[in-house]
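Engineer: Kindly generate the complete structure, drawing on both the sequences and the hints.
The residues making up each chain are set out below.
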Amino acid sequence: MPDFFSHIGRVFLRELKLIASDHSLTLTLLLAPLIYAFFYGSIYQYKVEEQVLLGVVDEDNTDLSRTFVEQVGNLQITKLVRAANMEDAQKSMYYGDTQGFLFLPKGMEKNLLGLKQADVVLVVNGARFLPSSELAMGITNIGMAVGAGVRLKYNQMQGNNNEIAMRETMPVNFDYRPVYNTRSSYGGFLLPGLLALILQQTLLIGLAESVALDRQRKHLGQVIGMAGNSLSTALWGKSLFYFILFCGYAAFFMTVNYRTLDIPFRGHPLDVSIAFVLFILTLIPMGFTLGTLFKGQLLTAQLMVFSTYPFFLLSGLAWPYDSLPRGMQLLSSLLPTTPFLKIYIAIVQSGAGLGDNMVSVVHLLLLWVFYVSLALWRLSFLRRKEAGLS
Amino acid sequence: MILAVYKIFIREWKRILTLPVHYVVLLVVPVIICTIYALIYNNKFAQDLPVAVWDESHSPLSRQFTFMLEETESIHFTRQVNSYAEIESLMKKGEILAAIHFPPGMDNDIKSRHPTTVTLYANAASLVTSKLIYKDAAQVIITAGSGVILQKFVKKGMPSGQAMSLVLPVNLHSWVLYNPRYDYQAYLVPGLIAVALQMMIIMVAILTLNYERNTGTMEELREQAGGSASVVIMGKSLAHLSVAWVNYLLVTCIMFPIFANGLLATNWPLFVMYTLLAIACIGVGMLVSSIFNDVMLACDIGLFYTSPAFVFSGFTFPRWGMPWFDQYYAQLMPFTPFLDSLFKVYFMKLPLLYCYKEMGHLLIFIVLTFPVAIIVFQRRLNKLAVQHA
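If you're matching them up, the sequences are chains A and B in order. For the first sequence, position 84 matches number 84 in the working numbering, and the numbering has no gaps at all. For the second sequence, position 388 matches number 388 in the working numbering, and the numbering has no gaps at all.
Hints are computed from structural coordinates only; laboratory data are not their basis. Built from N, CA and C at the ideal position, the CB exists for glycine as well. Hints may be right or wrong, so weigh each one.
From the derived model, a few chain A residues whose C-beta atoms are all more than 10 Å from chain B [unchecked claim]:
no., residue
1, Ser6
2, Leu13
3, Lys17
4, Asn229
5, Phe370
6, Leu376
To spell it out: a stretch of chain B is covered by chain A in this simulated footprint if at least three of its residues, at any positions, have a beta carbon under 8 Å from a beta carbon of chain A; those stretches are [said to hold, decoys possible]:
no., region
7, 32-44
8, 110-117
9, 147-153
10, 173-187
11, 306-320
12, 333-344
Structural biologist: As structure tokens, this is what we get:
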């Protein structure tokens, strides 16, 4: 047993020296996680988008049309830009200066007062998802509110008292209650996952680069020798620093970044700590395995950078797992991100416990076993290869 | 000079086809990445999302509403629950994404002129699905509510036309242009592919000059170019631009016809903007490559510079929603103006006339990066010549 610890210690110290002497590893492991966490996080610090520019063509130009426009302008999502006519409004959208326009044709007030429908046209640029859907949602609600106001007036004119008139106005109401992200903000949705992704990618890139560097220098045999010829001691000795460092980052993100970015944390710290430990333990053999697939550090860095978006998109956070095609579901299931994000988001956002997502915990543990086996197999294969070459 | 540029061009193509740090990134990765992106969103819409129903009304009307909701694209009732606590528990387990509540006595309330409220609880921690469910549920409940009002007015003897004008006094015609069904594949995949292509171009261009030292071919390069940095940079840039065009053809002539039922090769404005993006990215890469001898450092700079391009460009979260310093930083990446033009020339099918700002922005990158790269690299070549002399 003392031998085991001394071997682990030797490999651990060797890894420390390697990281300190290689500026790429130093940058990726010691600087990038912190810079990225603040840098990316700052994008979403306001969480919701506001003041989307919307053109307005008010051909009616009456008290009622002006009130309607004022209501639209009061929405948090909109910032109105007056346009002289439809052509101007359209051009403005084409140049990207506005994200759509609202057209109130002549006769709006006259129609409404004469108990006729008044047409209002809203054109939004659907090429931009988020602003267009938010605009459409907000203005539809105003249209509904104005409609309710007209009915209320009508009911009052029919001799109903205020209470009855009010009841008759909206017999069926629709109440939308977004839970766990009550403002339905993009930042509130994305930030927790983004921080986990930064942690994952810097760990994978750094560790894979380090393993590829050892392979490039043909030092893997030396590492295994320092580990007393034990593959698992070599694996965990080399990975110990990463484990300690990234557990530290996880704690830092969950406290400092969560506080500075005002991300609510509803779960229990112990649950999220266990989830992170399991996640990092699974990522380590995965990163190790990926590193053994490349012959050089440069190619590893170049290729690993392309894994970030696919890993994120496959994780089930941005796009539901069940909506992925079968083949992609299989690929998604092989990524530790998939079960981890399910557990982690449930804990931090909805206050769930580990027990609520036991299937995902087991999934993560199975992936740990899978990647440890894969890493040990690759290590053994490369040792034989290096020995053969020497 | 043209002959010398041509020689460097051919030489660079040979390097691209033989060096793994070039061909893997430029020729293998695009195929894999484009296929993965296209496949992830191959279903285009998130359908049949798990939703619970909490029906305390147990009435024909609540059953009718449930049936109408089930008919929508996004909602699929998988559970019946009896309390809010049950909804919360199922959301925490990820078994449902939303729940609809019909209050007790809903039918009677409507008949006895008491307003009733149908509630949708949606797990907004999963924003995409909650918005889809909200959109469908709101449409059904509001339409059904309008039906109730219409019936009441008609029963009172009002002509249906007049009744309709009271149900919907403001008839809002919403036109969602360019992607009316909010098709995720049509929206996200072109942007994701474009950002991957700009990353590939930059991540290889940053190695075009300094990697010559690693392969021990710097002197040979100097001789072939007659000691001229502009010949080297021009020849290499043309080679990398031609690779960028190969990838453009791969995306527009193979990937799009397969996954998006459309051939994009004839979209000339898109081709022009993509070419400007490619040249700007090559310029940035050449600049870094000429300044930094250390290829790993250059690669780290490339990694740090290119990887945030997608989120900073405003593709998923608009730039005007970001703090001012992030908005400025976004302007330092060629992908940002390209993305703005992508909306215009690809989604909106507008002519190049509408992209003059974006073209100007990309030209600034080109005008600034290439001359500086040439000056810096010329000094390096001169030093090399002195050493050899």
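Engineer: Out of the numbered hints, which ones does the structure contradict?
Structural biologist: none
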